[in-house]
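Protein chains: 2
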Amino acid sequence: MSVKQKGSKAERELLHMFWSKNFATIRSAGSGSMKYPGPDLIVSNKARVLAIECKSTKKKKQYLDRHDFEQLKEFCDIFGAEPWFAVKFARKDWLFLSLEDIEKTENGYVIDSKVAERRGLLLEEVIK
Amino acid sequence: MSVKQKGSKAERELLHMFWSKNFATIRSAGSGSMKYPGPDLIVSNKARVLAIECKSTKKKKQYLDRHDFEQLKEFCDIFGAEPWFAVKFARKDWLFLSLEDIEKTENGYVIDSKVAERRGLLLEEVIK
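Line by line, the protein sequences give chains S and F. Residues in the first sequence are numbered consecutively from 33, following my numbering. Residues in the second sequence are numbered consecutively from 33, following my numbering.
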């Protein structure tokens with residue numbers, strides 16, 4: 033599977049999880065290839081609207097470039113949504129991190145698996 | 033161009049129009065091919081959230097099957113969005129119709145170009 037296919041698979045996995053919790057969910061077409069900001073998923077149950085960027089990795093750290101981070105924030109400001117990063121480390125559950133819980137590096141941002149386990153929320157915790 | 037490619041082109045055209053009006057817009061991946069309900073576009077500026085099904089035709093009438101119509105309504109009820117059909121007849125502007133302005137047929141629904149011109153709204157009118 034290509035990186036793109038793996039990304040789509042991870043997004044679809046989360047999409048199924050949110051629908052199973054009665055959150056209507058849309059996966060964005062061409063997220064990352066358009067000139068506009070936008071998340072991988074947009075999720076809502078009327079009361080909450082979440083814009084989610086999904087990352088799945090076999091490494092211990094997930095690096096984010098500054099653009100990834102800032103375009104999500106920009107989108108959320110216009111659309112009216114909560115910005116979240118969902119990250120899946122190998123053999124772990126999906127964890128959700130809000131922007132303030134993500135560490136800055138010199139050139140961008142990083143989500144460390146240990147930090148994610150401490151600060152991240154499970155899907156059930158995000159939507160409760 | 034295939035029917036699918038023409039559909040994507042029409043959706044992207046509307047996406048650009050909404051972004052130019054400062055509405056954050058997402059085009060759905062695999063709309064119509066998933067088991068979940070969902071629109072072609074989801075559009076919001078915080079105050080308004082629109083779920084839009086896009087149709088472009090060279091004919092004088094745009095038929096909709098019952099599923100098209102009902103799945104949009106179902107999605108909107110869960111997500112919390114206004115359901116709209118956007119239709120583009122040849123050499124005309126995009127017109128937006130709400131569900132109650134769309135005529136029922138024996139097996140589904142139809143948007144007649146003359147009815148659309150009378151009842152439909154231009155993009156500027158929808159978002160004002």
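The hints are simulated quantities; they were obtained by calculation from the structure and are not laboratory data. Wrong hints could be hidden among the right ones.
Pairs involving identical chains hold if they fit within one copy or between any two copies, as the list cannot separate such chains.
As the list claims (entries may be wrong) - Think about it this way: if two alpha-carbon atoms lie no more than 27 Å apart in a straight line, the pair counts; the simulated BS3-like pairs of lysine-lysine are:
(1) K41 / K67
(2) K53 / K67
(3) K136 / K53
(4) K92 / K41
(5) K78 / K38
(6) K160 / K67
(7) K36 / K67
(8) K160 / K78
(9) K91 / K160
(10) K124 / K91
(11) K78 / K91
(12) K36 / K146
inquiry  = Please sort K160 with K67 into within, between, both or neither, judging by C-alpha distance up to 27 Å.
reply    = between (34 Å within a copy, 25 Å between copies)
query = Is it within, between, both or neither when you check K160 against K78 at 27 Å Cα-Cα?
reply = both (14 Å within a copy, 22 Å between copies)
inquiry  = I want to check one pair: K78 and K38. Are their C-alpha atoms no more than 27 Å apart within a copy, between two copies, both, or neither?
reply    = Cα proximity of K78 and K38: none, with 30 Å in one copy and 32 Å across.
inquiry  = At most 27 Å between alpha carbons: which applies to K41 and K67, within, between, both or neither?
reply    = Intra 23 Å, inter 16 Å, cutoff 27 Å: intra and inter.
ask   = Between the shortest in-copy and the shortest cross-copy C-alpha distance, which are at most 27 Å for K136 and K53: within, between, both, or neither?
value = Neither: 32 Å inside a chain and 33 Å across chains, both beyond 27 Å.
message = Checking an output row: K92 and K41, CA cutoff 27 Å. Within, between, both or neither?
response = Within one copy, since 20 Å is at most 27 Å while 40 Å is not.
task = Please work out whether the CA atoms of K36 and K67 approach to 27 Å or closer within one copy, between two copies, in both situations, or in neither?
result = The answer is both: 18 Å in one copy and 22 Å across copies each meet 27 Å.
ask   = What label fits K91 with K160 when the C-alpha limit is 27 Å: within, between, both, or neither?
value = Neither. Shortest intra-copy (29 Å) and inter-copy (48 Å) distances fail the 27 Å Cα cut-off.
query = Which holds for K53 with K67 at a C-alpha limit of 27 Å: within a copy, between copies, both or neither?
reply = Between copies only: 15 Å across, 32 Å inside.
inquiry  = Within, between, both or neither: how does the pair K78, K91 come out at a Cα-Cα threshold of 27 Å?
reply    = Neither: 35 Å inside a copy, 37 Å across copies.
task = Could you place K36 and K146 in one of the four classes (within, between, both, neither) given a Cα distance threshold of 27 Å?
result = Answer is within; shortest intra-copy Cα gap is 26 Å, inter-copy 44 Å.
request  = Tell me, please, which holds for K124 and K91 at an alpha-carbon limit of 27 Å: within, between, both or neither?
outcome  = within (12 Å within a copy, 52 Å between copies)
When held up to the earlier numbered hints, the structure conflicts with 3, 5, 9 and 11 and fits the remainder.
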